[in-house]
Structure formats: structure tokens, C-alpha cells
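A.B. asks: Mapping of the sequence shown onto the working numbering: position 115 corresponds to residue 115, and the numbering continues sequentially without gaps.
Treat the hints with caution; some may be incorrect.
[Stated by the list, open to error] Taking CB as the label site, the calculated pair distances span:
#: 1; residue 1: Ala39; residue 2: Arg173; range: 32 to 38 Å
#: 2; residue 1: Arg110; residue 2: Val279; range: 21 to 27 Å
#: 3; residue 1: Glu189; residue 2: Gln234; range: 37 to 43 Å
[Claimed, not checked] The calculated DSS-like cross-link candidates involving lysine-lysine, where the alpha carbons are at most 30 Å apart (straight line), are:
#: 4; residue 1: Lys81; residue 2: Lys153
#: 5; residue 1: Lys81; residue 2: Lys226
#: 6; residue 1: Lys226; residue 2: Lys153
Note that these hints are calculated values from the structure, not bench results. The structure displayed is predicted, hence computed values, not measured ones. No residue lacks a Cβ here, since even glycine has one placed at the ideal position from N, Cα and C.
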Amino acid sequence: MLMATAPGKVVLVGEYAVLDGAPAIVLAVSAGARIRWTAAPRTTFVAPDGDALLRAAWDDAGGPPGHIEGEPVATFGLPSKPGLGGSAAAVVAAIRLAHAAAGRDVTGDRLAAQASAVHRRIQGGGSGVDVAASTFGGCGRFLAGSWTALRWKHPFAVVWTGESVATGPRVARYLDWNGREAFVARAAEAVARWQDDPIAAIAASSAATAAMAAEVGFTWDTPVHKAVAELARQHGGAAKPSGAGGGDVAVALFNEPNELAAFLTALPATGGVHLPVGVGGPPEVMPT
Numbered sequence: 001m002l003m004a005t006a007p008g009k010v011v012l013v014g015e016y017a018v019l020d021g022a023p024a025i026v027l028a029v030s031a032g033a034r035i036r037w038t039a040a041p042r043t044t045f046v047a048p049d050g051d052a053l054l055r056a057a058w059d060d061a062g063g064p065p066g067h068i069e070g071e072p073v074a075t076f077g078l079p080s081k082p083g084l085g086g087s088a089a090a091v092v093a094a095i096r097l098a099h100a101a102a103g104r105d106v107t108g109d110r111l112a113a114q115a116s117a118v119h120r121r122i123q124g125g126g127s128g129v130d131v132a133a134s135t136f137g138g139c140g141r142f143l144a145g146s147w148t149a150l151r152w153k154h155p156f157a158v159v160w161t162g163e164s165v166a167t168g169p170r171v172a173r174y175l176d177w178n179g180r181e182a183f184v185a186r187a188a189e190a191v192a193r194w195q196d197d198p199i200a201a202i203a204a205s206s207a208a209t210a211a212m213a214a215e216v217g218f219t220w221d222t223p224v225h226k227a228v229a230e231l232a233r234q235h236g237g238a239a240k241p242s243g244a245g246g247g248d249v250a251v252a253l254f255n256e257p258n259e260l261a262a263f264l265t266a267l268p269a270t271g272g273v274h275l276p277v278g279v280g281g282p283p284e285v286m287p288t
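From just these sequences and the hints, can you work out the full model?
C.D. replies: So this is what it looks like as C-alpha cells:
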């Protein structure tokens, strides 16, 4: 029996604009996916959200027969998925595991390219940013399929806002919008600020995306998101929705550990729930 794990992700800067080829800053987090393989005469799949992704990943990678079972690394006891890129993590872990079960070691760019193609085919699109985070781990700058690792030193928190949202309809509205060029330029400016001032970059990215969402006609930051962002600001940091917005999670970033500690102490008053995740590393395969 073998098991593979892959991290999830939060987008720090650059949501939506990444669909138009703009750069994004992304952090892999320790809640992602875990896939198990047990050798067997015939292939069977078990997955909590259906097995289409697992089947596609396993077949594309030429995995050997066996029982393949997928599960999230952490559910946190939430009523629904928190929006941390679990489907991309599952594809990355399944492809990594399929190759390992067949005696091959596929990692890095080759793994990212194969996982992106499978994920895009089954999900119907996407930038590949979540697959890249699940493949490489840590923090990185994603641009047009390429990943540049960045040093990570900031205390951070991921906060569940109490509801899940569907990404597809929001992406469709964005792609139908004729104001994307100016928005993409603002988003790229926010990414450019990351190296010198990550706190300011997060705030600028969220402001640009909020303005875009208002024009397109969907909610970016819910009342919980706004309360979390204000609390982070009061403690010297910045917070914003991660991903599609309108629910799922917020990510808060600080310069000092004591700022994060004070933020977490006051967080329950916002209605948000702290998810105890750390920085996620690259996929791993191990015997079980």
C-alpha cells in the first residue's frame, strides 16, 4: 500500500486576473488531499466528492490496477469544503501516486503539466494556479504556467467565513466583462508590490478585485470578510478573500507573531473561524 499527499492553496494576490495571464502570488497550505493505493486485480475508486477526477488522473498517468481511495487531509469539522483547492490537490496527489505505484518518479514541472491538463479537462478550465501550488509547495509567483519559489517569512492565518461558494459562475461573469484589461493592470501592480511590502500588496489586490466584482455584479467580500480585514488592519496586517470570494476563506498576513496572536484572540467576534493550517510542502509518497 502507498499513500500520496499534496497541499492545498490560498491565493494571496492576483485572483481572476491570473485567468488572463497575469501573475499571482500563491501559498500552499497543509490542508490538501491524501490518496491511497492498494494493489488489486482490478481497479476501483472511492472519493468523497465523486471519482471522476481520480479516474482521469490515474488513467492519464498509467497507474497500475488497485483500489484507489481519496480523502481530504483535514475537514476541520466544517459543514462544507473550505475552498482550499482540494480538487487540484487530489489530482496532483493521484498522478504522483500513480507514477510511484508504477515504479516511476514524476515531480516538478512534468507533474504540474500533467496535473494541469487533467484538472482543466475535467473541471472545464482554470489558470492552473492551484495545481502549481499543490505541485511545488511553499510560496510562489505563478505566471502563465510557471512557478518561481519565493521566500516565506510572514505569520498568517486562514479564516473560514461560514459558507461555500461556487467558483464557476463568478469566473464566467468575469470572462464576459469588457473591463478586464484595466483590472488586469491593477492586479499586476499589486503583485509587483509584493517583494517590497506584502501587506500593502494584499490590500491593493483586494481593493482592485472588490471594484471589479462591483462592476461585474457579484459579492467579493462578505460582512465576515470585511470584519476580518478590519481586524487584521487594526493589528498591523491585512486580510482578504482568497480565490473566488463571496464566502469560503479569508487569508490574513502580518509582520510579527504578536500581531497574529492578538488578531486570533479577537477573531471570534468577527464570525470567522481560524483554520489551523501551516505552509504546505511538495507532494510526498510513502508506504503505509
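A.B. asks: It remains to establish, for every hint, whether it holds in the given structure.
C.D. replies: Checked hints:
With their beta carbons about 46 Å apart, Ala39 and Arg173 fall outside the hinted range of 32 to 38 Å. Judged by the Cβ atoms, the range 21 to 27 Å given for Arg110 and Val279 holds: they are separated by roughly 23 Å. Checked against the hint of 37 to 43 Å, the C-beta distance between Glu189 and Gln234 comes to roughly 25 Å, which is inconsistent with it. Straight-line distance between C-alpha atoms of Lys81 and Lys153 comes to about 27 Å, which keeps the hinted pair within the 30 Å bound.
Between Lys81 and Lys226 the CA atoms are separated by roughly 21 Å; this keeps the pair inside 30 Å, and the hint holds. Proximity of Lys226 to Lys153 is assessed by CA-CA distance (about 25 Å); at most 30 Å being required, the pair is judged to hold.
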